[in-house]
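Asks: Listed below are the residues making up each chain.
There are 2 protein chains.
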Amino acid sequence: MNIGIIGGGAIGLLCASYLTQYHDVTVFTRRNEQAEEIRAFGIERTVKGETCQASVHAQTGITGEFDLLIVTVKYHHLQDVLSELSTLSPHRILFLQNGMAHLLDLENWKTGHSLYIGVVEHGAMKMSDHEVNHTGIGIIKWGAFQHEAAADIKKALNETSFHFQMVYMDEWKKLLQEKLLVNVCINPLTTLLHVRNGALIQNPSYEYMMKCAFEEAVSILSLPEKERLWAYVNTVCENTAENQSSMLQDIVKGRQTERKAILGYLLKKAQAQGVAVPHLTFFDRSLEVLEKKQTKSFE
Amino acid sequence: MNIGIIGGGAIGLLCASYLTQYHDVTVFTRRNEQAEEIRAFGIERTVKGETCQASVHAQTGITGEFDLLIVTVKYHHLQDVLSELSTLSPHRILFLQNGMAHLLDLENWKTGHSLYIGVVEHGAMKMSDHEVNHTGIGIIKWGAFQHEAAADIKKALNETSFHFQMVYMDEWKKLLQEKLLVNVCINPLTTLLHVRNGALIQNPSYEYMMKCAFEEAVSILSLPEKERLWAYVNTVCENTAENQSSMLQDIVKGRQTERKAILGYLLKKAQAQGVAVPHLTFFDRSLEVLEKKQTKSFE
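Here the protein sequences line up with chains A and B, keeping their order.
Counting from 1, position 124 in the first sequence corresponds to residue 708 in the working numbering; the numbering is continuous, with no gaps.
Counting from 1, position 82 in the second sequence corresponds to residue 666 in the working numbering; the numbering is continuous, with no gaps.
Each hint should be verified, as a subset may be incorrect.
As the list claims (entries may be wrong) - Here are the simulated lysine to aspartate or glutamate pairs, EDC-like style, with alpha carbons at most 20 Å apart: (1) Lys632/A / Glu715/A; (2) Lys795/A / Glu799/B; (3) Lys795/A / Asp868/B; (4) Lys877/A / Glu875/B; (5) Lys876/A / Glu811/B.
None of these hints come from the bench; they were simulated from the model.
Based on the sequences and whatever the hints tell you, model everything.
Replies: What follows is the structure, given as structure tokens:
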């Protein structure tokens, strides 16, 4: 297939470097310098100590005809990308954002495109504009958003590298919800407390606060199987005990966090349901303060 | 009386400027420049738009003989002051710190001095090294720490300005506890959320979080009359709705906060009692992160 990948972050580079083995790939970046660097050096992907180089096209400005477009930008850049995509002829577009806030935007998007949603279970870290570390080998699960069928790309995407499988499934919404639940339990707390993921289950007070966030999120999402889900959140903390959550990394590196994609979505839902979620509300506001390092006085 | 005031912060300057009307006052500052400035310009106190100038002695290094020493430094400077005071002949010393952490230090202090504890209910803001705004006219309630009587200074301190009364009472511990309770409800939350005091009762989610802190603190302090105290905390939020809490001001100005005097004391008590206080634990750690603006990665 002819695949266009929108976004040159960790996930964008990771997708491009694997998909170019079976497909013709173009990466669309925001900055021209990154596109130039990718054209000059290719994408260097390091996995388990081995580095591979992959050649891809790269440019700014989304133009051309593609069998599939994959949008890998963070949620806070999604609106700009949607505006740009609105100018294209009908395409099939797969969205790989974290959280669930993008679902609300896509529901409201009047478009002739066919939309797909994916859940990324890989770990990846961008090392430079053309280098990515594949730190956790996982899988991408994806499915059709709303009603569209997907027989042809389903077949085409089955041809992928062993380390980068893309699996079609109808139940992507449940997956997205469970990933959101894990994110909302781990990300805000580790960031506000400046601790690694494991601390949330090692310190009983932190675990209690995580449980408060969990209860509020489970209730907003109306998720069944609470016991299984709480055990799952604990397992993720255990398995990633030494990791710094992505949100903490964002704060440490002075980047915008995915606060809106994660907490923003749940707060919107809670408001629509008329449900109070004091802990999530508090986390959201405190993160905003920490993000802006608000040390200014009031006007 | 011959009174020595230790500390040139807002409360130190306020005490000195009023007490010099009836007593011979010396202010002890940490920095020589401040002592020089006070000697050169006196202390300028502004209250309700009127500015008065008061002459006092000022120096660094606590030396001399006094009928009363008043310690006004913040809790995190108390240890240094106690060491310096240990070198003096027996004096009567009144401590005006916020929180209750200093009580633990004074209990463990082997000293021949007679100790008194005061609760400051004034609002004051330091405008420069020799200027103070008396923003809220209140009262200082004080009493003897442990067993000492205080007949003579009780009489002497009755002679004070109308705007600066010092009232003796036996029940200072209860007052200190209730002030601590108000502080632990208002200060950490307003600081982490970067909001004025009134927001805590205007936003139901913030009020819920305040209630969580309240419940934990009331339980640690074994305070009776919970309903009255919760109403009291709410009244303080209402009466100071437009104010920024002192802790928020400290963060905004890049100063050390009174986190240890307020949360540190309660966490120590909780640990001794074997009681879990997850919200207070979380506030303490998050404030530490905000204080240090920890944006460094882990080692």
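Asks: Each hint needs a verdict: does it hold in this structure or not?
Replies: To see whether the hints hold, each was checked on the structure:
1. Note on Lys632/A and Glu715/A: the hinted pairing holds, with a Cα-Cα distance of about 14 Å set against a maximum of 20 Å.
2. Distance restraint check for Lys795/A and Glu799/B: the Cα-Cα separation of roughly 18 Å lies within the 20 Å cut-off, and the hinted pair is therefore satisfied.
3. A threshold of 20 Å between alpha carbons decides the hint, and for Lys795/A with Asp868/B the separation of about 18 Å falls inside it, so the pair holds.
4. Between Lys877/A and Glu875/B the alpha-carbon distance is near 10 Å, which keeps this suggested pair within the 20 Å criterion.
5. Taking the CA atoms of Lys876/A and Glu811/B, the gap is about 37 Å. The hint is violated against a cut of 20 Å.
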